[in-house]
Amino acid sequence: MLAVGAIGPPQPVRGIEKVNVVTTTSIGEKGAQRALLAADAATLGPGRRRSKRWRRYAGWLFALPALLFYGIFELHPIISAVNYSFYKWDGISAVKKWVGLSNYVAALTQPQQLSSLVHAFVFIIFFTVLPVTFGLIVASVMRTVKPGPYGTVTRTLVFLPQILPGAAAGVAWNWMYSKDGFVNTVLHWVGLGSLARGWVGSFTFALPAVGFVGTWLSTGLCSVLLMAGIGSINPSLYEAAKVDGAGIWHQFRQVTLPGLRQQIGVCVTITVIAALSSFDVVYLMTQGGPGYSTVVPGVEVYNLAFNDYQIGSACALAVVLAVIVIAVVAPLQRFFRGTDNG
Amino acid sequence: MGRQFRTKGPRYALLGGIALYSVIPVLSMFSAALMPQNVIPEGLNFPLHPQWHNFVAAWSLANMTTLLKSSVLLVLGVVPIAVLVSTLAAYAIVVLDIPLGRLFYFVLLLTLALPFEIVVIPLYFQDQSMGLLNSRWGLILPLIGLNMPFAVFWMRSYFVNMPPELHEAGSVDGASSLQMFRRIHLPLAQPAIASLALLMFLSTWNQFLLPLVLMANPNEWTLAGALQTFQNKYGTNEVLLCAGAVELMAPTILVYLVLQRHFVKALIQGAVKG
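As you go down the protein sequences, you meet chains A and B in turn. Every letter in the first sequence is one number past the one before it in the numbering used here, and letter 111, counting from 1, is 111. Every letter in the second sequence is one number past the one before it in the numbering used here, and letter 98, counting from 1, is 98.
Source of the hints: derived by calculation from the structure; they are not laboratory data. Incorrect hints may have been included.
[Unchecked claim] Think about it this way: if two alpha-carbon atoms lie no more than 25 Å apart in a straight line, the pair counts; the simulated DSS-like pairs of lysine-lysine are: (1) A:Lys179 - B:Lys8; (2) A:Lys52 - A:Lys146; (3) B:Lys233 - A:Lys242.
[To be verified] Which stretches of chain A does chain B cover? Using the computed rule of at least three CB atoms under 8 Å from a CB of chain B, they are: (4) 107-115; (5) 156-169; (6) 203-210; (7) 233-247; (8) 277-288.
Backbone N, C-alpha and C fix where the C-beta goes; we use that ideal spot for every residue, glycine too.
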């Protein structure tokens, strides 16, 4: 039904085809002999075995560049962040003062930092729950529409926000929400002009307004992923359900939802990570304001470090955020992966 | 059949609606960008006399030529090195079965989901002490490192699915690991590498937080990062701001429309693997 291609890695399939070509053309008939030799080699004396072992160690030369890049620019910074988080330090002076866990206490009690963490969870509604719901609706409808240009164009457009930088989405939506922007214009059109306001400047509406940009950004990915998934559900399952007299809702509950378990899991995992670690959109649209009504951990970490010069506090909050991400994502993975270990 | 016909209208309307919802913010900006500069633009209202020269004005104000150059240099610095280094590592872990390779991979996986927030502050001080702060390399090298978990994960899942006989055949032949990598594995891995490169291009091109922290000079920021400066400077001039933002988005949108199929495929694979 979809031109997207089957879900999952298609490369191996292609790989296997090509491999066969290689073995039959360039290696030729000797291939079989060599395979036999390989089997022999495995049972040969210690000399061979030693060379094989040496080969395994020498293989680290191939992995060394990756280890260096990763060690220096990811692992080391992570360890440093944990280390900084136990100190009070302004980032400039030579002295760091050991303060134990007090930065962590601040991260969980100081109102601005705590509300950033709360907002991160609120964002899950906007980044995850709404897009997955929309995605399920779009995919279910798309399934019943004949493939053709209409479907292709819809898919292309729906996917578009996914490739834009979050910062660009921020600018676009700031304009949508502004006094003369699209949202207010539409409200005037439909006679609800009294509701019009500067959305991102409002203490009450700024958080949902900014969160909804996340909905806009994630809906495309969820839709396309779920469309691809729904395309690989065996159509006879739907036929069987229809024969049993299942209506649209029951078909959805009994066939679509179970069939999309893994894809929904993927959508949820990716968007939850995006929600918890959001930065671009919020920083560009409100920088956390008004007040701290839209502050999220990413913005708060940035502000603490580069505006307030509280490196320790910033790192403690970042560590708390990282722990939260892992604590939320790991069970999600387990839940949605279910029995199949893919 | 009759029932199907009746329900067809609403279904198409729903799909059309969601497509519209996806593009309206971009269209709304585009229409605002074409308004005369002394006018306060309105929601979505294509002007009768589109002021195309706004784009020329915004181009020079946003320093687009320099920005494009910096963004391209950044992508060229990050993507080829990261792809090569991660492919070599995945090859070593899977095919050469290096000792402790599994442990290395496990550590990479553990950090796969970690947000950049946790590394960005230490990276600032690290760049500072290495004398890399505000230099191109001070941004390129960390981005290569931060790409490693996903890239190795991606290439590993490719190598894992390759038939193992392929390697054994060559090793009896006396071919060195490097020769086998170059002659057999690298050519075969090309489709996987192409998708990985596309994904990395996108994430590097759209990178916001790292350039914001590690670069003092806005001209060396990514296009995404430059939006921030541009908004701060011209935020009151809605027309110019929209024109500039449209220009900053245009390269990605154009690349997307041309390579649409590949983008969707790569992102879906990336999602499923991640």
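Broken hints, numbered, in rising order?
1, 2, 3, 4, 6 and 7
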